[in-house]
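We have chain A already, so just place chain B on it with the hints.
The chain contents come next:
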Amino acid sequence: MVGGKNIGERAFQGFTVAVMILLMIMTLYPFWFSIISSLNSGQDLLRGPVFLWPREFTFASWKAVLSDPGMLQAVGITASRTIIVTTVSIVYTSMFAYAFSRPYLKRKSFYAAIGFISMYVHGGLIPSFMLMNWLGLYDTYWVYILPALFGGFWNVIIFNANYKGIPDALFESAKMDGASEYRIFFQIVMPLSKPVFAALSVFSAVGIWNDYGTTLYYTQSPDLQTLQYVILRLIQSNRAVENMMSTGSGMNLAVMNLLNKTGGVGPVTAQTVELAAMVIASIPMIILYPFAQKFFVKGVLVGSIKG
Amino acid sequence: MAIPKEIAFAEKKTARPKLKSFKLGYDIRTQLELKSMLIPAVLFIFLFDFTPLFGLLMAFKDFEPVMGVKGIFTADWNNFAHFKRIFVNNFQLWPMVRNTLGINLLGAAVSIPCTLLFALLLNEIRSTRFKSLVQTVTYLPHFLSWVIFGGLFITLLNTDGIVNFLLMKLHLIDKPLQFLADPKYFWGVAIGTGLLKDIGWGAILYLAAMAGVDQSLYEAAAIDGAGRFKRMLHITIPGILPTLMVMIIFAVSGMLNNNFTQIYVLQNSLNLPTSQVIDTYVYQTGLLNFQFSSATAIGLMKSVFALLLLFGANTLSKKITKTGLF
Chain A
1 MVGGKNIGER
11 AFQGFTVAVM
21 ILLMIMTLYP
31 FWFSIISSLN
41 SGQDLLRGPV
51 FLWPREFTFA
61 SWKAVLSDPG
71 MLQAVGITAS
81 RTIIVTTVSI
91 VYTSMFAYAF
101 SRPYLKRKSF
111 YAAIGFISMY
121 VHGGLIPSFM
131 LMNWLGLYDT
141 YWVYILPALF
151 GGFWNVIIFN
161 ANYKGIPDAL
171 FESAKMDGAS
181 EYRIFFQIVM
191 PLSKPVFAAL
201 SVFSAVGIWN
211 DYGTTLYYTQ
221 SPDLQTLQYV
231 ILRLIQSNRA
241 VENMMSTGSG
251 MNLAVMNLLN
261 KTGGVGPVTA
271 QTVELAAMVI
281 ASIPMIILYP
291 FAQKFFVKGV
301 LVGSIKG
Chain B
1 MAIPKEIAFA
11 EKKTARPKLK
21 SFKLGYDIRT
31 QLELKSMLIP
41 AVLFIFLFDF
51 TPLFGLLMAF
61 KDFEPVMGVK
71 GIFTADWNNF
81 AHFKRIFVNN
91 FQLWPMVRNT
101 LGINLLGAAV
111 SIPCTLLFAL
121 LLNEIRSTRF
131 KSLVQTVTYL
141 PHFLSWVIFG
151 GLFITLLNTD
161 GIVNFLLMKL
171 HLIDKPLQFL
181 ADPKYFWGVA
191 IGTGLLKDIG
201 WGAILYLAAM
211 AGVDQSLYEA
221 AAIDGAGRFK
231 RMLHITIPGI
241 LPTLMVMIIF
251 AVSGMLNNNF
261 TQIYVLQNSL
271 NLPTSQVIDT
281 YVYQTGLLNF
291 QFSSATAIGL
301 MKSVFALLLL
311 FGANTLSKKI
321 TKTGLF
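Protein sequences, first through last, are from chains A and B.
Taking the working numbering, I'd label the letters of the first sequence as residues 1 to 307.
Taking the working numbering, I'd label the letters of the second sequence as residues 1 to 326.
Next up, chain A with everything else stripped away, as it sits in the complex (with noise of 0.2 Å):
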């Protein structure tokens, strides 16, 4: 198509751009808003918001985050179960799914009828709760780990539409040379499926990173809570610096003397503390997610389209 010709093609190109542009600010503003508000002194955003660069520019709300105690536990367990349960959880659904797309298979109605099943009907979240109870489960770190071993049917689907693009000559060859399924499944299947695997790694890791849903409904003790949910504690008692004060003795001396010092309106407020926690929380996600976009084309559209 070659356009641009006339005046009408014209204006509807630059309306586009404009529209574009336009949404673009709206998506990033909030975020480099409470970038430069963090990494602004605490006191002097009571005088007004800054909008474009920092007034007073401080890294003291990014210190008191990184440097208190119950943040650096909730970083070190929400980092933990999302490096596991993303690594487990994808083996054991892409195997699935590789058992399940094999044509030879025998008796593959049962698993796809549990598999859908298992979409479409849920005990909901009073019954999980007794389950996690009655399995001990309750309040323990496993509890973030165990239930999300299996990445669900979803992404067995997913799996399944991108097998279905390895030639059969391959396993066909392969069997008959005396492969096993695991052999084939390990030496050719994932090598040849990389972007889905990226893929669906990315979302599971993403996914469980952004999870606060099971600290909420699962634990009560202050040590096993999440990144998540402690931001969102922050936001919620909307003290933040009072609320990091009342977690307990173990507070980082230098955060108090910061905050001592000041009255509680020095450079670091419950505003800033908020949104520095904010920003750093959201910092690994920002750097995975260019990956997911790059692998979800590749990956798992392409797969589907193969069908």
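These are computed hints drawn from the structure, not numbers from a lab.
Since the model is a prediction, treat every value here as computed from it, not as a measurement.
Hints should not be assumed to be uniformly reliable.
List of simulated lysine-lysine pairs, DSS-like, C-alpha gap at most 27 Å [claimed, not checked]:
1) Lys164/A - Lys294/A
2) Lys302/B - Lys184/B
3) Lys322/B - Lys194/A
4) Lys302/B - Lys84/B
5) Lys35/B - Lys294/A
6) Lys35/B - Lys106/A
7) Lys302/B - Lys175/A
8) Lys70/B - Lys164/A
9) Lys194/A - Lys84/B
10) Lys184/B - Lys298/A
11) Lys322/B - Lys164/A
12) Lys108/A - Lys35/B
13) Lys230/B - Lys131/B
14) Lys164/A - Lys108/A
15) Lys70/B - Lys302/B
16) Lys302/B - Lys318/B
17) Lys194/A - Lys175/A
18) Lys63/A - Lys108/A
Residues of chain B placed beyond 12 Å of chain A at every Cβ, according to the derived structure [stated by the list, open to error]:
19) Met58
20) Leu122
21) Val147
22) Gly188
23) Gln276
24) Thr315
25) Lys319
Every residue, glycine too, gets a C-beta built ideally from N, C-alpha and C.
Leaving out everything else, chain B in the frame of chain A:
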């Protein structure tokens, strides 16, 4: 072109020659290997997806949390007393259902056209680099958690936040609007933040469908003198109709499922009249007030209605457009 259907629901019967003729893979060793690959997932499905279904018995019984798990089976049946109580003398039922449906249906009515429009406009952009820049930027919020995205907007919409600051500076308002404290704004806040968070990512499906439309159709139409708008109307939109249908089915079948993670973040005691939805109510009555039985009953009813809606919407869509999820 059946791409969108595939994305939403990919398992499609393909007429591919089966290996059956070789009789390869039907030996016991292979079958055992395959079983061993399936078993972990099957165990997890049974344990974490199916076992809780027994808990649904609580909805029909006089269950007390002190009875423990055994109580689910031993408690007395109570002739649907919980269900009766939900409908009779429950002042919270109507506002809760109204909020759930209102936020979801209005949200879908706003977000589906906006996302579609965004995708259509983006598709008209010729510069590939600008296009991918827009996509990358607008995908960002989808990957941030609701705690962070919601938290950002709580800060922005505060009485001393930037939105009120700007509105005051522009003399549009005299005193700050209580976006999160005044119940009358909550639906708007929920729908608006929901739209902004997922408009970019939602467009990905439409864009994929648009990429699948036969390009020669556009050329032919251009030669016949169809302008940009006409081509959009008569080629692009019919081309993505299956995707649109799938999105509508999802919206209809999901109208009882609020995004708990979103609502819970934005909710506070002041906006409760318009922010209490079924999911937050179940959490509150069940896990905070320990009324396990009635919370289970409400959850069960919601699931049943949601399932009926899903099948209904699917059947209707199949009748009208020959496209459905299954």
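Outcome of the hint check:
1. Lys164/A - Lys294/A: holds (21 Å)
2. Lys302/B - Lys184/B: Roughly 25 Å between the alpha carbons, so the hint for lysine 302/B and lysine 184/B holds.
3. Lys322/B - Lys194/A: At roughly 34 Å apart (the allowed maximum being 27 Å), lysine 194/A and lysine 322/B break the hint.
4. Lys302/B - Lys84/B: holds (15 Å)
5. Lys35/B - Lys294/A: violated (34 Å)
6. Lys35/B - Lys106/A: holds (9 Å)
7. Lys302/B - Lys175/A: violated (48 Å)
8. Lys70/B - Lys164/A: violated (46 Å)
9. Lys194/A - Lys84/B: violated (53 Å)
10. Lys184/B - Lys298/A: violated (44 Å)
11. Lys322/B - Lys164/A: It holds: about 25 Å lies between the C-alpha atoms, which stays within 27 Å.
12. Lys108/A - Lys35/B: Holds. Lysine 108/A to lysine 35/B sits at ~11 Å (cutoff 27 Å).
13. Lys230/B - Lys131/B: Holds, because 22 Å separates the two Cα atoms, which is no more than 27 Å.
14. Lys164/A - Lys108/A: holds (16 Å)
15. Lys70/B - Lys302/B: holds (25 Å)
16. Lys302/B - Lys318/B: holds (24 Å)
17. Lys194/A - Lys175/A: holds (22 Å)
18. Lys63/A - Lys108/A: The hint is violated at about 55 Å.
19. Met58: violated (7 Å)
20. Leu122: violated (7 Å)
21. Val147: violated (4 Å)
22. Gly188: holds (15 Å)
23. Gln276: holds (15 Å)
24. Thr315: holds (15 Å)
25. Lys319: With a cut-off of 12 Å, lysine 319/B remains clear of chain A, as the shortest Cβ separation is near 21 Å.
Consistency with the previously given hints fails for numbers 3, 5, 7, 8, 9, 10, 18, 19, 20 and 21, ordered from lowest to highest.
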